[in-house]
Amino acid sequence: MNPACPMLEVKGLAKRFPPRSGQALSPWVLADLSFHVAEQEFLTMVGPSGAGKSTLLNIIAQVDGASAGEIFFRGKVIETANGAALQPGWNCQIGYVTQDDNLLPWRTLYENVTLPLKLQGRFDAAGKARVDELLGATNLTGFERYYPHEMSGGMRKRAALIRTLAYDPPIILMDEPFGAVDAQTRTQLQQDLLRLWYRGGKTIVFVTHDIGEAIALGDRVLVLSKSPAKVIAAHKIDIKRPRDLGNVYRLEGFGDMFEAVRRDIQ
Amino acid sequence: MSIAVSRPLLGLGGTRSLVPLGRIAVGIAAIVLWQLASNAMGSDWLPGPAAVLARIWQLTASGELARDTAVTFWEAAAGMVLGGATGALLPFILRLSPRLMTALDPLISAGFGLPKLALAPLFILWFGIGITTKVVFVASIVFFLMFYNALAGILSVDPRLIAMLRVSGASEWVVSREVVWNTAKPFLFSGLKIALPRALSGAVVGEFIAADSGLGWYIQNERSLNDVTGVVAGVVIVTVLVIAVNAVLQRIQARSLSWRPVAKDMTM
Amino acid sequence: MNARGIVDRIIVLVLVIAGWELCSLYFGTIWFSSPLRVFNRFGAEIRSGDLFFQASYTLRAALYGSLLGGIPAALLPFALRRHPIAGAILDPYFVGGYGAPKLALAPLFILWFGVDLEPKVALVASIVSFLVFFSTTAGVNAVNAQYVSVARVFGASERDIARHIVWPGAIPYAFAGFRVAAPYAIGAAVVGELISSNRGLGFMIQSGATDFDTTLMFVSLVTLTVIVVVVNYLIGRCERWLLRWRPPTQRLTSRVVGT
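Protein sequences appear in the order of chains Z, A and B. Numbering that gives the first Met the number 0 applies: residue 0 is where the first sequence begins, and numbers increase by one. Numbering that gives the first Met the number 0 applies: residue 0 is where the second sequence begins, and numbers increase by one. Numbering that gives the first Met the number 0 applies: residue 0 is where the third sequence begins, and numbers increase by one.
Keep in mind that the hints are not guaranteed to be accurate.
What the hints assert, rightly or not - For each label pair, taking beta carbons as the anchor points, the in silico distance ranges come out as:
id	chain 1	residue 1	chain 2	residue 2	range
1	A	Met40	B	Pro71	36 to 46 Å
2	B	Leu66	Z	Gly82	56 to 66 Å
3	A	Trp125	Z	Ser20	29 to 39 Å
What the hints assert, rightly or not - Keeping only pairs whose Cα atoms sit at most 25 Å apart, straight-line, the calculated SDA-like set for lysine to any residue is:
id	chain 1	residue 1	chain 2	residue 2
4	Z	Lys117	B	Asp159
5	Z	Lys117	B	Ala137
6	Z	Lys117	B	Asn143
7	Z	Lys127	B	Asp159
8	A	Lys192	A	Ala39
9	Z	Lys235	Z	Arg15
10	Z	Lys239	Z	Gly152
11	A	Lys184	A	Val166
12	Z	Lys75	B	Asp90
13	Z	Lys117	B	Pro91
14	Z	Lys127	B	Gly98
15	A	Lys184	A	Val173
16	Z	Lys225	Z	Leu188
17	Z	Lys117	B	Asp90
18	Z	Lys235	Z	Arg144
19	Z	Lys75	Z	Pro104
20	A	Lys192	B	Val94
21	Z	Lys225	Z	Lys239
22	A	Lys192	B	Leu89
23	Z	Lys127	Z	Pro104
24	Z	Lys127	Z	Asn90
25	Z	Lys239	Z	Leu188
26	Z	Lys117	B	Gly98
27	A	Lys184	A	Ile107
28	A	Lys192	B	Ala137
29	Z	Lys10	Z	Lys225
30	A	Lys192	B	Asn143
31	A	Lys192	B	Glu157
32	Z	Lys225	Z	Asp255
33	A	Lys192	B	Gly98
34	A	Lys184	B	Ile164
35	Z	Lys117	B	Leu241
36	Z	Lys117	Z	Gly74
37	Z	Lys117	B	Val94
In short, the hints are calculated from the structure, not lab data. Here the structure is a predicted model, which is why all the values come from computation and not from measurement. Think of the CB as a built atom: it goes at the ideal place given N, C-alpha and C, for glycine as much as any other residue.
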């Protein structure tokens, strides 16, 4: 595999939804959207709410189809707008952590986390070991028999995260996963995520509306415009790792980066 | 925004006309199958659609249909008024004394538990086989239905609205009228809509057990004469009647749409 | 519930029994029987085993009919989910069948199937099937589309989705359908017996009426009420156990909707 070849490349992606009855055509949600992601990069994307960030991730994960444009995964075309059948998750190569944790309420924590592995037929000794390790890394050991409604919001988010990590997809899409928790829990979750990213050598595409979060976590931040969304700016984030997320606002270079991104959004 | 994407069915244009055509096709197929089954099993056991229609025509021409339908309808209507008024009113009165409501609760549960249909012979014993019996019978069914719906409506009243009115000096009477009545209204109408078809079928069942006129009586009479065509004709008439009444009430309810999201008709 | 509530209820109970006794004294025991007589007769019927015999007949009809009608009705929505066009085509027929009074079919079933258990089973099945079908359909439709999408992303096949997501999600609704249908099922069995039978609680009521034996009638009415309340309670417990994963606020309403 050519090291210069990006892991994921999106070219000229465009999307409009089928019109409601009576309307002629609906407006474009995404238009001429292009970007690439390198191997093991932590890419963050920031943009105003409703800009179509979720739609973009849905298309990359093949939960929804594109109206125009192409997507390449490790050099191979995985999506064009030609109406071919979608393969959600692209054969478990693309993981997707959604905004709502979407844990199945009738399964315990352990059953939820191991479900993908079981369905893929990979729940062997190695799989079990991975799951136990991930539970330990996110402080969830001991809660295996809890049902989702018995766990806190932060715990459920962690569970949703390790559910995807357990089956080890090389690239993981994340849609504002830490939005609905309090600030302290969020910092904790961000630290957990960075730690897991480091160790696992994963590639992550992380979407958020919080500029601070985007800068604190990412190697590079892309700025999306309002609807129809396209990439209007890209900034390389030079802040050294490991980053102290509790004090990220005081890190060198943060302030300037923040201003730059904010101006782009305006 | 969520990850859920609704997938459009096949090609949009093609599906839209397929469904109504499919429905008509299924309907025709059903009638054809009915006739075939009747031929196969003999019309002594299963009369075909043609025979049933002929019998219905005969009943209409002789005036029997009109007479029996009128009797059944009258029983249902009278029962609805009697049962509906008392059933709907009671919760409003009970509301004024929460203590009374808790005290009566087991009685109410028992009342729901008893299948009202089982009371028919008792009513017949008390009131004979005339129309009164059926009216009381229907009333007992409608009473519990309306009671339940009115109660649900009253319990759904937002206490904050009441508090707000009281603070601005309204009397208990005004509060009742303004907040309680308006909150309960959609539930009452929903209850009425459900009650009428129930009242009709209640009247018919009452007539099964003892009567000398009405659609239910007709069906039972035909059964005792072993006249299966008559029985099926009667059943078809009752079914069509109830479905038609239901459809009309649905229309009325849809047109007078409440601004409030009415609780789904899971209360059947 | 506090002590005062309990006392109030006992007072109500005493008043009802006293009122009943007064009515029977005033109008004559032929019309009303009396609490004491009913109580004694109740004991006699239990001891002779007759009550049990009749009640089990009615319950058997209700149970067989519920299973016969309810199980296919609970499975059908899952099949229709895969073929939404078929579901759309058949929808008005289902709704029409639901609106049609199934009890009106009782004499027809008796004519076809005789006077034994069969017509009652058929009647119960016809009623229960529609109730369970619509409840289960509501459950299948209520399946969270997000769960389905997420599962597809981590490799679930259509079969996996049906088994792990649609089925567990819809089961509470199917169960609620059975719970709501139970009193109707018992009521339908009784109606079948009232019209034509020589066994069952409905038959008891009817024969009591023919003999002017109001005491017997009341005994069976009380028995019926107790049975329905107990069955409702038991199914409710089953449901709560099956659904222990549900957060407490989400439990479906447990109030019996009676005729």
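- Item | Restraint status (C-alpha distance of Lys192 of chain A to Glu157 of chain B at most 25 Å) | This hinted pair is violated, its Cα atoms lying about 40 Å apart.
- Query: If you check the beta carbons of Leu66 of chain B and Gly82 of chain Z, does the distance land in 56 to 66 Å?
  - Reply: violated (46 Å)
- Can the restraint linking Lys184 of chain A and Val166 of chain A be considered satisfied, given a maximum Cα separation of 25 Å? This hinted pair holds, its Cα atoms lying about 24 Å apart.
- Message: For the hint 36 to 46 Å, verify it against the beta carbon of Met40 of chain A and that of Pro71 of chain B.
- Response: violated (23 Å)
- When you check the alpha-carbon spacing of Lys225 of chain Z and Lys239 of chain Z, does it fall within 25 Å? violated (30 Å)
- Task: Mind checking the alpha carbons of Lys192 of chain A and Val94 of chain B for me, to see if they're no more than 25 Å apart?
- Result: holds (15 Å)
- Quickly compare the C-alpha distance for Lys184 of chain A and Ile107 of chain A to 25 Å and report which way the hint goes. holds (22 Å)
- Query: Are Lys117 of chain Z and Asp159 of chain B close enough, with their CA atoms no more than 25 Å apart?
  - Reply: holds (10 Å)
- Straight-line alpha-carbon gap Lys235 of chain Z to Arg144 of chain Z, limit 25 Å: violated (43 Å)
- Straight-line Cα separation of Lys235 of chain Z and Arg15 of chain Z no greater than 25 Å? Outside the cut-off at roughly 30 Å; violated.
- Item | Restraint status (C-alpha distance of Lys192 of chain A to Leu89 of chain B at most 25 Å) | Distance ~24 Å between Lys192 of chain A and Leu89 of chain B Cα, so the pair holds.
- Message: Check whether the Cα positions of Lys117 of chain Z and Asn143 of chain B lie no farther apart than 25 Å.
- Response: holds (21 Å)
In the structure shown, a violation is registered for the earlier hints numbered 1, 2, 3, 5, 8, 9, 10, 12, 13, 14, 16, 17, 18, 19, 21, 26, 30, 31, 34, 36, 37, in ascending order.
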